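Colleague: Protein chains in written order, with the working numbering: chain A, 113 to 708; chain B, 113 to 708.
No lab work stands behind these hints, which were simulated from the structure alone.
Treat the hints loosely; a few may be bogus.
If chains are identical, the list can't say which one is meant, so a pair holds when it fits in one copy or spans any two.
Said to hold, decoys possible - Result set (DSBU-like, lysine-lysine): computed pairs, CA atoms no more than 30 Å apart in a straight line: (1) Lys195 x Lys660; (2) Lys302 x Lys441; (3) Lys684 x Lys564; (4) Lys158 x Lys192; (5) Lys335 x Lys441; (6) Lys492 x Lys257; (7) Lys124 x Lys427; (8) Lys335 x Lys300; (9) Lys191 x Lys564; (10) Lys568 x Lys441; (11) Lys564 x Lys151; (12) Lys618 x Lys445; (13) Lys427 x Lys151; (14) Lys601 x Lys684; (15) Lys178 x Lys195; (16) Lys445 x Lys300; (17) Lys191 x Lys689; (18) Lys601 x Lys689; (19) Lys191 x Lys174; (20) Lys568 x Lys176; (21) Lys654 x Lys427; (22) Lys660 x Lys178; (23) Lys441 x Lys618; (24) Lys302 x Lys445; (25) Lys564 x Lys445; (26) Lys191 x Lys151.
Keep in mind the model is a prediction, meaning the values are calculated, not measured.
For reference, the chains in residue letters:
There are 2 protein chains.
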Amino acid sequence: MSNQYVSLRNIKFILNEVFNIEELNQYDYYQDYDAEAIKMTLDAAKQLADIELFPFRMEMDKQKPKLKDGVVTAHPQLKKIIKALGDGGWISAHAPYDLGGQQMPLSLQNASLYMFYAANVCAAYAFLTEGAANLILSFGNQELKDYYIPKMFSGEWQGTMALTEPQAGSSLSDITTTAYPQPDGSYKIKGQKIYISGGEHDAVDNIIHLTLARIEGAPAGTKGISLFVVPKYRQGEGEMVFNDVTCAGLFGKMGQKGYVAAQLMFGESDDCRGWLVGEENRGLANMFQLMNEARIATGTMAAGIASASYYASLKYAHERPQGRHLSDKDVTKPQVLIIEHADVKRMLLFQKAISEGSLALLIQCSHYADIVVAAEGEEKENAHLLLELLTPIAKTYPSEMGIQSTNAGIQCLGGAGYCDDFPLEQLARDIRINAIYEGTTGIQGMDLLGRKVMLKGGKALQLLLAEVQATMAAANSETLQPYSEELAKSVQVLGGITQYLIGLAKTERPEVFLTDATLYLEFFGIVVIGWQWLKMGVVAEKALENAKGDDVNFYQGKLAALKFYFAYEIPKLRGLKTRLMNNDRLTLDMNADYIN
Amino acid sequence: MSNQYVSLRNIKFILNEVFNIEELNQYDYYQDYDAEAIKMTLDAAKQLADIELFPFRMEMDKQKPKLKDGVVTAHPQLKKIIKALGDGGWISAHAPYDLGGQQMPLSLQNASLYMFYAANVCAAYAFLTEGAANLILSFGNQELKDYYIPKMFSGEWQGTMALTEPQAGSSLSDITTTAYPQPDGSYKIKGQKIYISGGEHDAVDNIIHLTLARIEGAPAGTKGISLFVVPKYRQGEGEMVFNDVTCAGLFGKMGQKGYVAAQLMFGESDDCRGWLVGEENRGLANMFQLMNEARIATGTMAAGIASASYYASLKYAHERPQGRHLSDKDVTKPQVLIIEHADVKRMLLFQKAISEGSLALLIQCSHYADIVVAAEGEEKENAHLLLELLTPIAKTYPSEMGIQSTNAGIQCLGGAGYCDDFPLEQLARDIRINAIYEGTTGIQGMDLLGRKVMLKGGKALQLLLAEVQATMAAANSETLQPYSEELAKSVQVLGGITQYLIGLAKTERPEVFLTDATLYLEFFGIVVIGWQWLKMGVVAEKALENAKGDDVNFYQGKLAALKFYFAYEIPKLRGLKTRLMNNDRLTLDMNADYIN
Numbered sequence: 113m114s115n116q117y118v119s120l121r122n123i124k125f126i127l128n129e130v131f132n133i134e135e136l137n138q139y140d141y142y143q144d145y146d147a148e149a150i151k152m153t154l155d156a157a158k159q160l161a162d163i164e165l166f167p168f169r170m171e172m173d174k175q176k177p178k179l180k181d182g183v184v185t186a187h188p189q190l191k192k193i194i195k196a197l198g199d200g201g202w203i204s205a206h207a208p209y210d211l212g213g214q215q216m217p218l219s220l221q222n223a224s225l226y227m228f229y230a231a232n233v234c235a236a237y238a239f240l241t242e243g244a245a246n247l248i249l250s251f252g253n254q255e256l257k258d259y260y261i262p263k264m265f266s267g268e269w270q271g272t273m274a275l276t277e278p279q280a281g282s283s284l285s286d287i288t289t290t291a292y293p294q295p296d297g298s299y300k301i302k303g304q305k306i307y308i309s310g311g312e313h314d315a316v317d318n319i320i321h322l323t324l325a326r327i328e329g330a331p332a333g334t335k336g337i338s339l340f341v342v343p344k345y346r347q348g349e350g351e352m353v354f355n356d357v358t359c360a361g362l363f364g365k366m367g368q369k370g371y372v373a374a375q376l377m378f379g380e381s382d383d384c385r386g387w388l389v390g391e392e393n394r395g396l397a398n399m400f401q402l403m404n405e406a407r408i409a410t411g412t413m414a415a416g417i418a419s420a421s422y423y424a425s426l427k428y429a430h431e432r433p434q435g436r437h438l439s440d441k442d443v444t445k446p447q448v449l450i451i452e453h454a455d456v457k458r459m460l461l462f463q464k465a466i467s468e469g470s471l472a473l474l475i476q477c478s479h480y481a482d483i484v485v486a487a488e489g490e491e492k493e494n495a496h497l498l499l500e501l502l503t504p505i506a507k508t509y510p511s512e513m514g515i516q517s518t519n520a521g522i523q524c525l526g527g528a529g530y531c532d533d534f535p536l537e538q539l540a541r542d543i544r545i546n547a548i549y550e551g552t553t554g555i556q557g558m559d560l561l562g563r564k565v566m567l568k569g570g571k572a573l574q575l576l577l578a579e580v581q582a583t584m585a586a587a588n589s590e591t592l593q594p595y596s597e598e599l600a601k602s603v604q605v606l607g608g609i610t611q612y613l614i615g616l617a618k619t620e621r622p623e624v625f626l627t628d629a630t631l632y633l634e635f636f637g638i639v640v641i642g643w644q645w646l647k648m649g650v651v652a653e654k655a656l657e658n659a660k661g662d663d664v665n666f667y668q669g670k671l672a673a674l675k676f677y678f679a680y681e682i683p684k685l686r687g688l689k690t691r692l693m694n695n696d697r698l699t700l701d702m703n704a705d706y707i708n
Numbered sequence: 113m114s115n116q117y118v119s120l121r122n123i124k125f126i127l128n129e130v131f132n133i134e135e136l137n138q139y140d141y142y143q144d145y146d147a148e149a150i151k152m153t154l155d156a157a158k159q160l161a162d163i164e165l166f167p168f169r170m171e172m173d174k175q176k177p178k179l180k181d182g183v184v185t186a187h188p189q190l191k192k193i194i195k196a197l198g199d200g201g202w203i204s205a206h207a208p209y210d211l212g213g214q215q216m217p218l219s220l221q222n223a224s225l226y227m228f229y230a231a232n233v234c235a236a237y238a239f240l241t242e243g244a245a246n247l248i249l250s251f252g253n254q255e256l257k258d259y260y261i262p263k264m265f266s267g268e269w270q271g272t273m274a275l276t277e278p279q280a281g282s283s284l285s286d287i288t289t290t291a292y293p294q295p296d297g298s299y300k301i302k303g304q305k306i307y308i309s310g311g312e313h314d315a316v317d318n319i320i321h322l323t324l325a326r327i328e329g330a331p332a333g334t335k336g337i338s339l340f341v342v343p344k345y346r347q348g349e350g351e352m353v354f355n356d357v358t359c360a361g362l363f364g365k366m367g368q369k370g371y372v373a374a375q376l377m378f379g380e381s382d383d384c385r386g387w388l389v390g391e392e393n394r395g396l397a398n399m400f401q402l403m404n405e406a407r408i409a410t411g412t413m414a415a416g417i418a419s420a421s422y423y424a425s426l427k428y429a430h431e432r433p434q435g436r437h438l439s440d441k442d443v444t445k446p447q448v449l450i451i452e453h454a455d456v457k458r459m460l461l462f463q464k465a466i467s468e469g470s471l472a473l474l475i476q477c478s479h480y481a482d483i484v485v486a487a488e489g490e491e492k493e494n495a496h497l498l499l500e501l502l503t504p505i506a507k508t509y510p511s512e513m514g515i516q517s518t519n520a521g522i523q524c525l526g527g528a529g530y531c532d533d534f535p536l537e538q539l540a541r542d543i544r545i546n547a548i549y550e551g552t553t554g555i556q557g558m559d560l561l562g563r564k565v566m567l568k569g570g571k572a573l574q575l576l577l578a579e580v581q582a583t584m585a586a587a588n589s590e591t592l593q594p595y596s597e598e599l600a601k602s603v604q605v606l607g608g609i610t611q612y613l614i615g616l617a618k619t620e621r622p623e624v625f626l627t628d629a630t631l632y633l634e635f636f637g638i639v640v641i642g643w644q645w646l647k648m649g650v651v652a653e654k655a656l657e658n659a660k661g662d663d664v665n666f667y668q669g670k671l672a673a674l675k676f677y678f679a680y681e682i683p684k685l686r687g688l689k690t691r692l693m694n695n696d697r698l699t700l701d702m703n704a705d706y707i708n
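Work the whole structure out from these sequences, hints included.
Modeller: Have a look at this one:
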């Protein structure tokens, strides 16, 4: 178990045994991904993570990037990480062959990302580049694609998402960065952006900012926002020239310290050029088309960090003697390993239930995304609706519950958990941002209840219920039946709450039914992860019949975590239900002056 | 509200209006603490915190103490802080007049500590000295008292608690540091201690380690542990000589970075002397006599940090425009302050409910401690039992829920909450250790359910129920009646769970009924804080009748937080009950190999 941060066995279980992703090769698009290709891909990812990422996690936190005279010096390993991920084809993996990609299923790519993030969150530089490249691929013209994509896919150039401004955090409709049309078809860009991840560093030759700005004179609000590609260095005549994008500062972050967040000034010397990506005033709408993937990536990072913290505390619990059994306190006997204490087992099972349940949901969503890409007609449409519905949960559950689970990881270690000789304290700091990245939990809750649940007259929710029903029907063994019934009850309660809130939506202003949307999201998340555990339980129980060697404990572990989840997590729905069925408008109507 | 970290108004409300601590002066021991003295004391504490502590909170985190050649250099302000707390009489405040103290009620001193900790956790150096001095005062001989106490009370010398060893964290019975008797009555000390807070720094002239060790040949386990005073410099002939206590390293901590945790080597050159405090082999028992105060101090620190985070996020919520109301998204209008969003109000009220509820419970416990000191007979005994029962909750609730509440504080700020320009991320790091200090949450749970609830045949629990009944009876207004009834139901459920678990204790080995002691503690804590909120509600409702000016919002705020607590926190009991009434022994009997 030395220095374990993920279980490759578990990843293969989820991909192959639970989701059978090798069956994706029935679609032409994924025909090259047979079982052998999947295995090779995962093994290659694990090897890269073992060599280039994991050994540097701690030191990249401690030796964070430094800004001096406008230049950000990153840890020397960063260049190697980005190069390894570029050379290995990981940045381009999901893109189509004809655009230089490998048509890798997202489920397979995200399983790999999960390993990379579990090993070291600094892998994020490369996948930020992928996200930026995808915007150019999806909406840019041929010239932009030809110029930018190859160097971004190879990792020679960094991509960023330059959205946030000081006066407009979550409220993107209020951005003021301005683009002035030039006779040559380009735009002069002027403005300031903050919290720009990967916004400036010395591990790449150029940085390509996918930037939201308003074309001079554009309408107010979201309908006047356009997307531009704004490089740090632009093509001059024969040579690259500085494009007047300067780094005014780096933010000191609680965690993910190796992953810079920059404050950027565009056009301070009036010499910053940008090029329109997609249509004018369609910037936000276009960007949101790729939002599902970005949010699932955020959840994947959180699930990876939660996995690393689980294995770190599990390792400690297996090595650390401390105290004795309550019924045998003979002090002349040696102390027992802390994994023998029930309360430590509880904290470990909590972590296992969260990190593995999260991964299952993320692969579930990635699998839907794969079907959206490859299938046609109703199959495609249904997968798309399910993906839309589950995305806020796949983003939030790993992020929010990952905070709780890394916190339990610290507690397993006691004082050692608080000290930086051990990985837990860093992991707890690292994971804290994921509930804020790509739309805070509050925003995800409103997205789920205010948009997704009502999508196409509630069709997405109906599709989900059918999927859950299928799992419950399969869970008909003596062992699993009680959990299936418990899940059925929870789903029924969720239905009742949803009906109640949608009823309010019909008669009241939207603030009313959305007041506790965050709690609704929490409720929904607990049910959905229960579904994933039941799904894993069905597969594990069947596999146990012929399991040998280590596989016996592996499958028994799945059933153990399933039982734990239904014993300790599902009951939390009771309190949430009480609150969600109460329309007292306590917070909504609360006089802000009383909060003093 | 600029830079607010506590509400002096709220502290005075709890001390004067809820607990009427000026009535303590009916006891001779506290006769000097009339209303005026209480006011002056609180104002002086606030002023000291404003000037010496709060302005340095951030920089003492960023410029942490450094070890070089055995010398630990602390931030220069540390010397001023310790001197100010010593000169102000804060270190000696609680001690009797005849021992150089001021006989200050613990309720008043802890209200002051709460301010100090809210301003800057580095205040802890001084109160660690107080704890160490109290051990000498309570158990040391006259010579030790005369020699050590004055310089410790003045802050010239630092005191520490040297308990933990690498092989024995929570399991103190396994310590191996050894004391060898010398002809002159002293002992030679040899051993290693870790995580020693305040263990080495340059802001004082000497450091006095209250050290647990075994006298050579002592029995195994807790019955062979003695307490020694081991100074860094001992009295030589005419001058101080180095006592062979060396600092081998400092621990890198997640938070409380200004507060050093040292690894100490005693007697590496065979020249470390210690002096016995109290009787041989009584060290642990004696130390535990002062454990209630130490645990309440830990809770007080957590409540202080939670207060600071509440006011920091409240300030941000009042200053930060972001987004618009869902029913009026007109982008040509200015954005609204985030405190107008229901989800932000929810997070703020959550923080208010936790930090103020925690303070109330801490003052409740301190008040019992004051009665133990001053009263006689049954009154004294009852107060002692109540203090014993509530201490694990007063330690744990602020520490565990403080983690959740600072976490909500970060979320209020979004990205800014993750950045070190704002105080939240530090406060979240600082508070994480309190659930580990002075006995982890798991240990507190076993203390509550395994010892305290059954103390004197359950008398402590009966006394508590009577206290809660009295509050419920007073909450008989139209507004408060429903909360009183809800609390009554919760108390009844708590009683049922307790009976059920105690039943198991009678028929099964102790591991069985204690399996989920941590969850029992959580349940108990939610009920007890509900009681404190109802108590505050009764006072606030009455006071509202004649309130004017700012007091109207203040008292309305109390009722608002009460309502919030019963709407959002009390329902959590439902899930906990389901788990606690289930004796499936899931974690206890779980094969550790399944946790993989």
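Colleague: Now tell me if each hint is right for this structure.
Modeller: Hint check:
1. Lys195 x Lys660: This pair counts as neither: shortest intra-copy Cα distance 40 Å, inter-copy 67 Å.
2. Lys302 x Lys441: between (71 Å within a copy, 26 Å between copies)
3. Lys684 x Lys564: both (23 Å within a copy, 27 Å between copies)
4. Lys158 x Lys192: Within. Shortest intra-copy distance 16 Å satisfies the 30 Å Cα cut-off; inter-copy 53 Å does not.
5. Lys335 x Lys441: Intra 70 Å, inter 13 Å, cutoff 30 Å: inter-copy only.
6. Lys492 x Lys257: within (27 Å within a copy, 81 Å between copies)
7. Lys124 x Lys427: within (21 Å within a copy, 48 Å between copies)
8. Lys335 x Lys300: within (20 Å within a copy, 79 Å between copies)
9. Lys191 x Lys564: neither (40 Å within a copy, 58 Å between copies)
10. Lys568 x Lys441: Between. Shortest inter-copy distance 23 Å satisfies the 30 Å Cα cut-off; intra-copy 63 Å does not.
11. Lys564 x Lys151: neither (35 Å within a copy, 56 Å between copies)
12. Lys618 x Lys445: Answer is between; shortest inter-copy Cα gap is 26 Å, intra-copy 68 Å.
13. Lys427 x Lys151: within (26 Å within a copy, 53 Å between copies)
14. Lys601 x Lys684: both (13 Å within a copy, 19 Å between copies)
15. Lys178 x Lys195: within (21 Å within a copy, 37 Å between copies)
16. Lys445 x Lys300: between (76 Å within a copy, 27 Å between copies)
17. Lys191 x Lys689: Classified as neither; 49 Å inside a copy, 53 Å across copies.
18. Lys601 x Lys689: Both, since 12 Å and 18 Å are each at most 30 Å.
19. Lys191 x Lys174: both (17 Å within a copy, 28 Å between copies)
20. Lys568 x Lys176: For Lys568 and Lys176, neither the intra-copy (47 Å) nor the inter-copy (56 Å) Cα distance is at most 30 Å.
21. Lys654 x Lys427: Within. Shortest intra-copy distance 29 Å satisfies the 30 Å Cα cut-off; inter-copy 56 Å does not.
22. Lys660 x Lys178: Answer is neither; intra-copy 52 Å and inter-copy 53 Å both fail.
23. Lys441 x Lys618: between (63 Å within a copy, 19 Å between copies)
24. Lys302 x Lys445: between (72 Å within a copy, 23 Å between copies)
25. Lys564 x Lys445: between (59 Å within a copy, 27 Å between copies)
26. Lys191 x Lys151: within (27 Å within a copy, 61 Å between copies)
Violated hints, in rising order: 1, 9, 11, 17, 20, 22; the structure is consistent with all others.
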